[in-house]
Each structure stands twice: as structure tokens, then as C-alpha cells.
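Visitor: Take a look at the letters that make up each chain.
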Amino acid sequence: MKFQTILAAYDTLRQDEKLSLFDDLAWTLGFSSLTASQPKEAYDLEASLLFMGVLISERPLRLGRFLPVLFLWLSNYSKFINAQKITKMMTAYDEIHQTESCYALELMKRYLRFHEPKRYKTALKIRPIKEAFYLDQRMKELVDMALELEGFPEWLDVHSGYMMPKSTFHTKSMDVLSEKVLFDRNEQFRLRLLMGVCYRADALWMLKREPALTPTQLAAECFMSYEPAHRLLHELRTYQLYEIGAVS
Amino acid sequence: MTVKISLHLIEKFDAFLFERNLVYAASIVGGTAILLIANSSRPTGDIDSISKIPPDIKKCIANFAVREGISPTWFNDNVSRNFFEYATHGENVFDQALYFGQALKLYAPSKTALLLSKFHPLVDRPGTTKDLDDIDSLIDAGVINKNDFQKALEDFRTRIRFEEESEFRRRAWAVERMLSSMMELKFYQLRNQ
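So the protein sequences, as listed, match chains A and B. Following the working numbering, the numbering of the first sequence begins with 54 at its first residue and continues without gaps. Following the working numbering, the numbering of the second sequence begins with 56 at its first residue and continues without gaps.
None of these hints come from the bench; they were simulated from the model. For each residue, glycine too, the CB sits at the ideal point set by N, CA and C. It is possible that part of the hints are untrue.
To be verified - These stretches of chain B come out as covered by chain A in the derived footprint (C-beta under 8 Å, 3 or more residues):
| id | segment |
| --- | --- |
| 1 | 71–84 |
| 2 | 98–108 |
| 3 | 149–161 |
| 4 | 173–187 |
| 5 | 196–203 |
Based on the sequences and whatever the hints tell you, model everything.
Guide: This is how it looks when you write it as C-alpha cells:
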């Protein structure tokens, strides 16, 4: 499913629909969740990551247990993320949701900026927070004790305002499925592994799903300008790469 | 709300065991047990068994995981040390029946033990919300009342009183304080709803 489609519908989703979206995204990203199931429609990788962060941040959904899994995913697979695309998606999301802040998204930004400064430091804008943030206010005393004992993870500090000890992000390596499983189940991931993280791989992936894809649609979905979108589609259609098994 | 914690996955595994002429009865704790009891559809990562899983069943779990493309530890017996000790000291761990299949039977221990399986990890991993979320789910679903909570808290106090390590004891008492105030607030809110 496309980023723009989810973005437009997200705020109107009921709680059960959000949980069902979570199951789809968990399957797409390869999170170990017993409720995850193959979605009817394939989800874009960056859109999945972004909305996974949004869903985890929603307290009433009680999905906080998957926060460490999200960061395990980032540590394993961040090399497969299209930095430009996710940056633009996050910016688009922030523009619409200027007043509310999703803590998991903000943490993701900090993580990516710290670990891959060349790709993210200047492009990914973080929102400063005014007061100390605890995942659950009831745990404040315990979290402060844990911070004293363990400290922050290397990519967070007290100035960030996110009061999270190292153990917040502790997880088992099995909580995210292996590259092989992801390679088998996720075509977009497979194409990125074969072709590298590029718009061409994404265009090919989208074209397979939507043979009538227009340059305008591709440009909007991948946050690219019209001219390269047009050129890409033209090339792919000319050589009919999506039909000869380059995408299977 | 329907029970979604992939009952279909459990049913599939039940059939998988049945086809291989194997039977297994487990007592489970943690998120999955709580979600099954609270009849909730919230996602959970794995099934934590406090019954030791025999090698032949472990092999089946691994093969099933490969077939379904899920984590090999989706059904595991790595429960917390504290709870394992508790469960092996006289508690009936087969207190509530959760699932009765042809080859697979799942039980949960008493409500008190189940709550304790969530209280203890709070000492070790205070930075995550999963344990508090599970406790909230049990209370919100009306599965446990204030008496059950008080009883579990009393058991928790008894156990942490004998802890030797001072740092652990300090954190455990902080958990106790948090749970006491949480209990008062939560049941007060429920009464006034």
C-alpha cells in the first residue's frame, strides 16, 4: 500500500483497523509477532517503518513492546532504507501532524542521525521536547534508577529529553526475522538487495503491481521530481524489465 | 472482541503435532497467556512456556517456524528465573485451561502467579511498557479484581523481602511502591467509571 494512501486515511482509522495495519506492517518488516499476517496488498518499506513508529507511539494501542524490535530492525537493516525517501516521508508526516509528536518517530530520527550522520544529520529534522519524556509516567522513579545504573544508549543523552535507559532497547536477535526470510517474503526488499537502494528498484516494484503507473504517481509516491520519474518509467517500459522476470 | 492471538497459528501447530503423533501440554505465562485470558486482540511476540519443552517438541517448534516463516523462538521456555523458581515451589501452574486441541493443551497458572510473572520483570526492565501494558489489559478486561492484585502484591513483597542483593532489593521496593499506587488509582478509576 502506498504512503500517501495510508497517510490520508490514518487519522480516521478505528482501533481495530490500526491493529490490523500493525499486523500487515509487522509481516512486511519481518517483526516476530504472532498476529502478523501477509497483507492483501504489499506495503512500501519506508512507509511501513514510518507508520510502525506512529502505531507504536499510540499509547492506547499498547504496542510499546515492539519499540525495541523496531530499533533492532534499524540496527540490522538500516542499510536497506532509502534515506532521501524516508526523510521526505517523515517531513510530510510532520507537516500534517505539527502539534502532536510521535516519540518512536523522533527516536528513530535520533538513531539514524547518530548512526548514519552523512545520510541523515542535516536532512532529518528533529523536534526538541520541552519536558522530560517517560514511556510511562508511573515508571518514572524506576526509570531514573535504571538510568543511574545503566545510563542512556550511545545515541541518546539526557539533553534529548527522552528518559530511556539502555535496557529499554534490549531485545532478542530472533525478534526480527532473518534477511533470508525477508528476502523470500518481501519483493521490494529483494529488489533492493539485488539492485541496491535506489529509485529504480522501487519503480520496478511499483510497476509490477501497477502496470499503468504514471510518472506523476511515481513521483508523488517516491518523492522525486517528474522528469526522473518519467525517464525511469520510460526506460523500464522500453526494455519491459518488469515483464521478463527481472521482477518475479 | 475475538481472540486473535493467532488462535489459527496455535490450531495449525496443534494439527502439526497431531500429524506427527506427538502430544504436549504446557503452562504458559507472559503476554500470550494474558491476552488469551483477557480475550484481547493485541499483538504479542511469542509464547512463553514455564513447562520445560522436550527435545522432540522443540524440533517440531523449529520446523513449524520454518514452514510458517516465523521466529524460531515463537514458542519458548526461557521464562524469568524468579518466576520459574516461584512456579516450582508449590504453585499450581495448570490452574486455568486456555486451549484444548487434539495434540496441544495450553494452561495458565493462577491469576496471582500470572500477575507475578509480570511484576518480577518490572524490576529488571523498567524502561519498557510491555509488563505494565499486560497488567493494564488484565485489569481492564475485568479478569482480576483488587483482591487478586492485593494477593499478588503481598506475595511479591514476601519474595523481595528475602532478596540478598541490595541494588535489586532497592529496585524491587520501588516496583512495589509503584504497583501499590497504581492499584489504588486503577481500581478507583474503574469504580468511578
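Visitor: Now look at each hint and say whether the structure bears it out.
Guide: Checked hints:
Coverage of a stretch by a chain is defined here by at least three residues with a beta carbon nearer than 8 Å to that chain's beta carbons; for the segment 71–84 of chain B and chain A the count is 0, and the condition is violated. Residues of the segment 98–108 of chain B with a Cβ under 8 Å from some Cβ of chain A number 5, which satisfies the need for three, so the listed coverage holds. Three residues within the 8 Å Cβ limit are the bar, and the segment 149–161 of chain B against chain A gives 0, so the coverage statement is violated. Three residues within the 8 Å Cβ limit are the bar, and the segment 173–187 of chain B against chain A gives 9, so the coverage statement holds.
Taking a C-beta to C-beta cut-off of 8 Å, the segment 196–203 of chain B contributes 0 residues in contact with chain A, too few for the three needed, and the coverage statement is violated.
Going through the hint list in order, the structure does not satisfy hints 1, 3 and 5.
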